[in-house]
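Engineer: Could you build all of it, start to finish, from the sequences and the hints given here?
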Amino acid sequence: MPTVSVGRDRLFQALGRSYTQEEFEELCFEYGIELDDVTTEKEVIRKEKHLEATTVAGDSEEVIYKIEVAANRYDLLCLEGIARALRIFIGKEKIPVYSRREIPCESILQINVSKETSQIRPYVVCAILKGVSFNGANYNSFIDLQDKLHQNICRKRTLVAIGTHDLDKVEGPFSYESQALKPQDITFVPLKQEKSFRADELLEFYRSDLKLKKFLPIIENSSVYPVIYDKNRTVLSLPPIINGAQSAISLRTKNVLIECTATDLTKAKIVLNTMVTMFSEYCDSKFEVEPVGVVYPDDRQFEDCAPEGAFKGKNIYPDLAVTVMDIPLAEITSPIGVSLGVAEVIRLLEKMQLHASLNAANSVVTVYVPPTRSDILHPCDVMEDVAIAYGYNKIPKTKPKCMTTGGQQPLNVFSDKIRGEVSRAGYMEVLTWLLCSHEENFAMVKRKDDGVTAVIIGNPRTSEFEVVRTSLMSGLLKTLKHNIDHRRPIKIFEAGDIVLLDGTRDVGALNNRRLAALCCNVTSGFEEILGLATRIMQVVRKPHEPANADFIRPSNVRFKEPEFFPNRQCYIVYNGKQIGCFGIVHPEVLEKFGIPDPCSFVEIDVEALL
Amino acid sequence: MAEESILGFLQTNEAISDSQQFAASVGIDHSELESVIKSLRGFEIVDAQEFQQDQWFLKDEGKTYAREGSPEVQLFKAVPPEGIAKEELQRKVTPSVFKLGSSWAVKKKWVEIGRQGVSRKVEHVEDKIQVFLQQIENGKVVDEKDLAELKSRKLIEYKPLKGYTLRRGPKYVSKRKKAATDLTREHLLRGDWRDLEFKEYNLSAQVQPIQIGYLQPLLKVRDAIQRIFLQMGFEEMPTNNYVESSFWNFDALFQPQQHPARDSHDTFFLKVPSSTRELPEDYVDKVKHVHESGDYGSMGYRYKWKREEADKNLLRTHTTAVSARMLYKLAQQKSFNPKRYYSIDRVFRNEAVDRTHLAEFHQIEGLICDRGLTLGDLLGVLEDFFARLGMLYFPTKFFTF
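Which chain is which? The protein sequence lines are A and B, in order. Position one of the first sequence corresponds to residue 1 (the UniProt record's numbering), numbered consecutively onward. Position one of the second sequence corresponds to residue 1 (the UniProt record's numbering), numbered consecutively onward.
In short, the hints are calculated from the structure, not lab data. Note that the structure is a prediction, hence the values are computed from the model and not measured. One or more hints might be untrue.
Straight line, CA to CA, 25 Å or less: simulated DSS-like cross-link-like pairs of lysine-lysine [what the hints assert, rightly or not]:
| # | chain 1 | residue 1 | chain 2 | residue 2 |
| --- | --- | --- | --- | --- |
| 1 | B | Lys329 | A | Lys401 |
| 2 | A | Lys397 | B | Lys339 |
| 3 | A | Lys192 | A | Lys254 |
| 4 | A | Lys156 | B | Lys306 |
| 5 | A | Lys115 | B | Lys304 |
| 6 | A | Lys478 | B | Lys220 |
| 7 | B | Lys271 | A | Lys446 |
| 8 | B | Lys77 | B | Lys108 |
| 9 | B | Lys59 | B | Lys99 |
| 10 | B | Lys304 | A | Lys156 |
| 11 | B | Lys140 | B | Lys154 |
| 12 | B | Lys220 | A | Lys417 |
| 13 | B | Lys159 | B | Lys38 |
Output of the computed footprint for chain B on chain A, the stretches with three or more beta carbons under 8 Å from beta carbons of chain B [unchecked claim]:
| # | region |
| --- | --- |
| 14 | 84-92 |
| 15 | 201-215 |
| 16 | 392-398 |
| 17 | 401-409 |
| 18 | 430-436 |
| 19 | 505-514 |
From the three backbone atoms N, C-alpha and C, an ideal C-beta is built for every residue, glycine too.
Structural biologist: This is the structure we're talking about:
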């Protein structure tokens, strides 16, 4: 869940009133966001100081609210978005109408795309914010939003990369190209640098840059690098790495060109929409965005072009189209469980930025989903918004009418009974991790990995998470080691699953419920463990089975289990199958785990006893 | 025996003024007497006043000489009137006697050691050292000047001597009854428990903990929550499959393929087995279609859905993967019956472990499936559930599923 940091006072100013912290938390809760943390500007900078310098000048005591928002609400990733949503929610503002400036087709600035870009980043969308007034606060907000979007929907710039430029410092028409020639032929002065770099040098240069080095892999292995040029071959940007210094925006910028290069066109449009809807409030013509046309030399031209109208066959962005959804009134109100009249529904929808009207003829509500609400995919999303606006706490709580009977899984009932028995025998139950290191699962218990037993993790953070356990032994031995100073005897047990590879299952692996117990004392405790194993076999005995069925069989020397002491180990046999074994733990194993006293251990396949 | 002698003596006498002397007189080691005195004192049978006297004691070396004679005298005795060769003399006595004895004997001018050998200078000598040592051993006083040599040769040391003055105590008895500690089978059989005195128990002493078994606290909580579900008519889902495919864990739950949660830094993907072997193909087609172009009223995500992504195996990040499987199974049935499902089981997230995050934890999940269910019903069920746990509050949060 993304967290957005906003200055409290700026936020309250935008909301038009002050709130106490409790009042504000209340408001957030109602809307569906959460005030996660309250800190100060100073704190924030202090924490980030060891990273590169932020763009904030001077440490201040300004109170910062950290607000957590839902991961699919791109319209809430900046102060402007949150303030606007809340103002509309409390009825202080009407839903803005975002529009594209009407200018004749020939005057629309164009960006021409080259063929080779389809190999690396096929799509680009652009828009212009005209007559913007930046100040310190909203400028930072502008930069921060790009960062947030890059982290979220852009998947760290791999899907979409945003570039923002001072339109007055460059000249259109623009071109988005991938050099068919080598990256060495791209030269420009990148942002924040003084001297000019070749593109390949630049990538090397950024290898040591904490912030930028993680984006290098996106293009470094390609033979073509994508570049955006203006009419005079000034480099605007080398997406997704860095913009050019020439077109850099500053506090004095009045006209902003926003370009988003991407591998996913849908997301690029959402990103562009988010940028312009959020910041067009600072344009001299509020909420109006100037369009840019994208011209592709190939089939890409027809993937998203306008099907009809003045711009038929062309790709004009931003696509601020409002999505229209026709939803029967009942489909909105019944799933909530309240009966609301259509006027009420429309009023509630307005609070959530969803303009709606009634089609009286057939009680269908027509909802106009603005470009800021790309999260609305289905009528149930509209229903949800109505419920939020109504207030979840006001919805009458009813009970489902269906009659069902409860029950537990037989395996769990059985294993709970066994757990009860073992604890009554004086053993302490423990719960250990399923994930362990390769060494703990194999080498430390003297077993070899045959490659067809254990599930292996592909991306462990540390060695603690390398494999999924195939026995409960390591977990118990580790637990014992960490509690080795306990009074003797130490008797612990665990009933839990191990995981084994299995070619007959759809996923290729299965769980197996095991029971294991460990007894540690100054003497080995073999009789203890034997006694426990005997007790378990007795309690699971079916009524028709003879009371003293022979189920212990000494480990055949040829098949002796390496983790046990030789000649002090036995198999447990049930219905002709070996379902468990027990014995004295081998001293080498004890040594590897750092246990100074002798131990006995038993492990049984509980599922086989069912 | 020591106890008898003390108690016996006190029966007819007022007091034992010096326990050291008493010990010597009855021939008992004082340390043995001392432990008896302490025990009797503990039971208030005797009253013991401690005193301390400092006096001279023999050190180990001194005790040896008291017994065998001083080394110089021993050496002297080993030298015959006619004299003796050094090597022969060395063979006759122990090395320490030779070393110490010869140096002292020479100092006292009793012998002469030259190149010809060792010879007597006087006719005969008196072993004063031995005499004095023995006197001290026997507790007799020795003159200061005589003590001088003994002191300088470190044969004696000045130590405090502890002793007791004993009198009859408030609970004095001439013969102590042996107090029994525990009531045993023999006592019952013999019937002598009536006559025996039983020792006082110190009931405020810390007791030896008994050996008991325990159930794990987290599992006890799981049990309590499970009971709530069962009381509300929920059926447990079979969740004993930790390995899951991305399809059931993400795709079937409408989580888009480029969603950050599917990142390798949030999910444990598997090296072995890396891909799932089998998926229900007709269902896969439907899921793919909805992701790519939407359906059933949804606009979908409009991206290119990849089968390889869905095939990737992982350790499940939520038990909702099992819920998805259950719903699919339910949908395959001929006729529909409403169902309530629950599960409480382990899930895995590839997170950095810190104060509030673990890589493995348990998740509680509940599911009700019926026609005409409303949000109000959900809130009602949650209210019931949490009320049984003792909590009542509702945030407006949702997760995109």
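Engineer: Assess, step by step, whether the Cα of Lys478 of chain A is no farther than 25 Å from the Cα of Lys220 of chain B, and give holds or violated.
Structural biologist: holds (23 Å)
Engineer: Is Lys192 of chain A close enough to Lys254 of chain A, meaning Cα to Cα at most 25 Å?
Structural biologist: holds (20 Å)
Engineer: Decide if the proposed pair is consistent with the structure: Lys59 of chain B and Lys99 of chain B, CA atoms, cutoff 25 Å inclusive.
Structural biologist: holds (19 Å)
Engineer: Quickly compare the C-alpha distance for Lys329 of chain B and Lys401 of chain A to 25 Å and report which way the hint goes.
Structural biologist: With a Cα-Cα distance of about 22 Å, the restraint between Lys329 of chain B and Lys401 of chain A holds, given a limit of 25 Å.
Engineer: Is Lys159 of chain B close enough to Lys38 of chain B, meaning Cα to Cα at most 25 Å?
Structural biologist: holds (22 Å)
Engineer: Given the hint that Lys271 of chain B pairs with Lys446 of chain A, does the C-alpha gap stay at or below 25 Å?
Structural biologist: Satisfied, since the Cα-Cα distance of roughly 23 Å is no more than 25 Å.
Engineer: Tell me whether the statement that chain B covers the region 401-409 of chain A is true, taking a Cβ distance below 8 Å and needing three residues at minimum.
Structural biologist: Satisfied; 9 residues make the cut.
Engineer: Hey, Lys115 of chain A versus Lys304 of chain B, does the alpha-carbon distance stay inside 25 Å?
Structural biologist: With a Cα-Cα distance of about 21 Å, the restraint between Lys115 of chain A and Lys304 of chain B holds, given a limit of 25 Å.
Engineer: Would the hint linking Lys304 of chain B and Lys156 of chain A be met if the CA-CA limit is 25 Å?
Structural biologist: Status holds; Cα separation ~19 Å.
Engineer: Count the residues of the region 430-436 of chain A whose Cβ falls closer than 8 Å to any Cβ of chain B, and tell me whether that reaches three.
Structural biologist: holds (count 5)
Engineer: Against the 25 Å threshold, does the CA-CA distance of Lys77 of chain B and Lys108 of chain B hold or violate the hint?
Structural biologist: holds (14 Å)
Engineer: Checking one constraint from the list: CA of Lys156 of chain A to CA of Lys306 of chain B, max 25 Å. Satisfied?
Structural biologist: Holds. Lys156 of chain A to Lys306 of chain B sits at ~20 Å (cutoff 25 Å).
In this structure, the earlier hints numbered 14 and 15 are contradicted, and the remaining ones agree with it.
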